Amino acid sequence: MTVNQASNRSLQLTADGQLRHFLTLDGLDRALLTDILDTADSFIEVGERSIKKVPLLRGRTVVNLFFESSTRTRSTFELAAKRLSADVLNLDINTSATSKGESLSDTLLNLEAMASDMFVVRHSQSGAPHFIAESVTPGVAIINAGDGRHAHPTQAMLDMLTIRQHKGGFEGLKVAIVGDVLHSRVARSQIRALNELGAAEVRVIAPGTLLPRDVESLGCTVEYDMHKGMKDLDVVIMLRLQKERMEGALLPSEREFYRLYGLNQDKLALAHPECIVMHPGPINRGVEIESAVADGPQSVILDQVTNGIAIRMAVMSMAMGGQVSERNQQQAGSKQA
Amino acid sequence: MTEFNNTPGQSLKIINGRLVLPGSDGLTDASLVVADGVITAIGKAAEHANAATTFDAAGAVVAPGLVDLCCNLREPGNGQKGNIASETRAAARGGFTTVCASPQTSPVNDSGAVTHLIRDVAQARSPIRVLPVGAITRGLEGELLSDMAGLAAAGCVAFGNGSRGVRNARILRRCMAYAQTFGLTVMFSPENQALAADGYAHDGLVASRLGLLGIPEVAETAAVMEMLLLAEETGVRLHLSQLSCARSVEMVAAARARGITVTADVAMHQLLFTEDALAGFDSRFHVRPPLRSESDRQALVAAVRDGVIDAIVSQHQPHDSAAKQAPLGATEPGLSTIESTLSMGLLLVDRGELTLTTLLAALTSGPAAILGETATLSEGAAADLCVFDPQATWTPDQHSLISAGRHAPSAGQALPGVVRLTLCNGKVAWGAESR
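Sequence order for the protein chains is A and B. Residue numbering for the first sequence follows our numbering, beginning at 1 and increasing consecutively. Residue numbering for the second sequence follows our numbering, beginning at 1 and increasing consecutively.
Only chain A is shown next, with the shape it has when bound in the complex (with noise of 0.2 Å):
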């Protein structure tokens, strides 16, 4: 276990190995990132009934801290915290106090103040969500919603969810990864995931500006020629593209990069002929993915986003659940002594 795997493992779980915080998937091993599987499996029913909603999160409040825009990743975290019955406080930080000069710490005073019992966040910095992890008043969970280029594990762990649904497991498993993975905080989280599930094979398939330093050790293959690396392929994971990649020199034109990186019936033709094709969204059709290929038959991004609410359900009741078993424990023991 490396000095980071080890640091995530103390701050992000009980003594007992519960779930007290979400911030990244370094340092949480196969058995929990499935129990988090089998967990969301079971909520999957409750978004099927006519009442939606279990009381595991009654009389909490949950305050969606969103420091980067997002419409899906806020609004399925939205309804999965309402699914579970708990009261919800939305906050685009993005706009509001940082901008009036207020610094991260004292906004967090002030919402704690509030007594919030969960703070789901986004930031745009890397770490954020270890900062806030770090400094609230102990019993408050926090659930990173993205975090920079870091991490995004409640994206990934849908990822895996869709994954088993259609695959039946991780074993053997081809997997690629296309796009730009250097500013990916999904691509990280679910490079992670994939290796602590077993999956045989995880390929990045990018050109070297849009990929980090040395990516291999983040347990990856690495392949720049598109046609070579969709051979084989269980699984394909298409990446976000944003416009500003070709302002910092790091890509000549969208043109050149859909040509080159783009998703298209011909390629995906290479991959296995059951490969799923996968995208975090927002897609950008004609710029990453071919919308005959978006919308076609071996297109699970719908899947994804109906997984997302699911995840968030599991990850919310489960850390939830985690610092409430460690404040009775510490209760427990306080009366003891």
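Just so you know, nobody snuck in bad clues.
Far from chain B, by Cβ distances over 10 Å, these chain A residues were calculated:
hint, residue
1, Asp-38
2, Ser-70
3, Val-324
4, Gln-331
5, Lys-335
Examples of chain A residues toward chain B, derived with CB under 7 Å:
hint, residue
6, Leu-104
7, Ser-105
8, Gln-125
9, Ser-126
10, Gly-127
11, Phe-131
12, Arg-149
13, Arg-188
14, Pro-212
15, Arg-213
16, Asp-214
Honestly, the hints are just simulated from the structure, not real lab data. Here the structure is a predicted model, which means the values were calculated and not measured. All C-beta atoms, glycine included, are put in the ideal place defined by N, C-alpha and C.
Fit chain B to the known structure of chain A by using the hints.
Using the frame of chain A, we list chain B on its own:
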């Protein structure tokens, strides 16, 4: 020690200490006498001398006072982060008797008035010597030359551009040529700003895993190469500050072999920590240049051993707590190190990576020579010395630190090396009764 006040003319005898003497590789058991601000006797002569006060240094090392080429005192202008009084007192506690004050203040030290202000405040409030480093360009903007000759006359001992660097090679070349005219020493932290861009961590394994914005090695090595070539052409005395890469050290060694006048230093924390220190997003270890790989660290330590690196600096950067209380990328770079620099060095000695003599040379005679001075325990020399117990331990924490910056690298961890006495010009700058 019972009583030793700062009355001129009073004499002090230090007995039972192990002395670091010039020309000796080890420590010498001997006594030493200080009177009127100078060392008057060492060894036999000292044993027979009478002194008003005696200091029993049993178990301790008596070394020349430490000299720091890179220290941020934060005055004028950044009182929330520290001031000359607080930071020089912290330095004295760390065994330092001379610190070079970085020009990166507010206003910047680019005029004689600021230089005089720093010297006057130091004269009144500092227990140790403060040597101002002048800004080589006005406002550290990297565009117009500062009045270097005038600043030197006002007391600046060298010239640099703080952590801002000089972006434009044409301006850098003129800075060097102008400084060379007056025989001034230039001190630069080599960083190519276009390559460093928005980075704040070593572009390596940890940054890739955590999604941190990287500063590649080549941001330093390209700048080192450029500076070495310009120094060769202009003939200026170039000092490279705070190297962080193995490859930089190789280039400096090769340049010296070609006859280029170049010296170099490294920050103590670079010899002890690596990129792994950022693994838990610990904002204390957001430093610039960034902490790099283990192989870089080993090469830097080897360069100190081999003398390619002449000096170890504290690169002390005190901050108010708000500057470090934010997500890693939004924090300000720098560690509060001046009180623990010697202790960190002693950890390297304990691990067998440096000898005590090499460590102390890099903290005393090495940096002093770059300033054109000497730092030795010899009869007739200024009584700048520190007495420290290498076995005793202390724990830097919120309460024990004197510096206004509480973000010490080893906070909460017991460190070897307690400074029992620091004398600057024969006066007590730090002593057991100081706390």
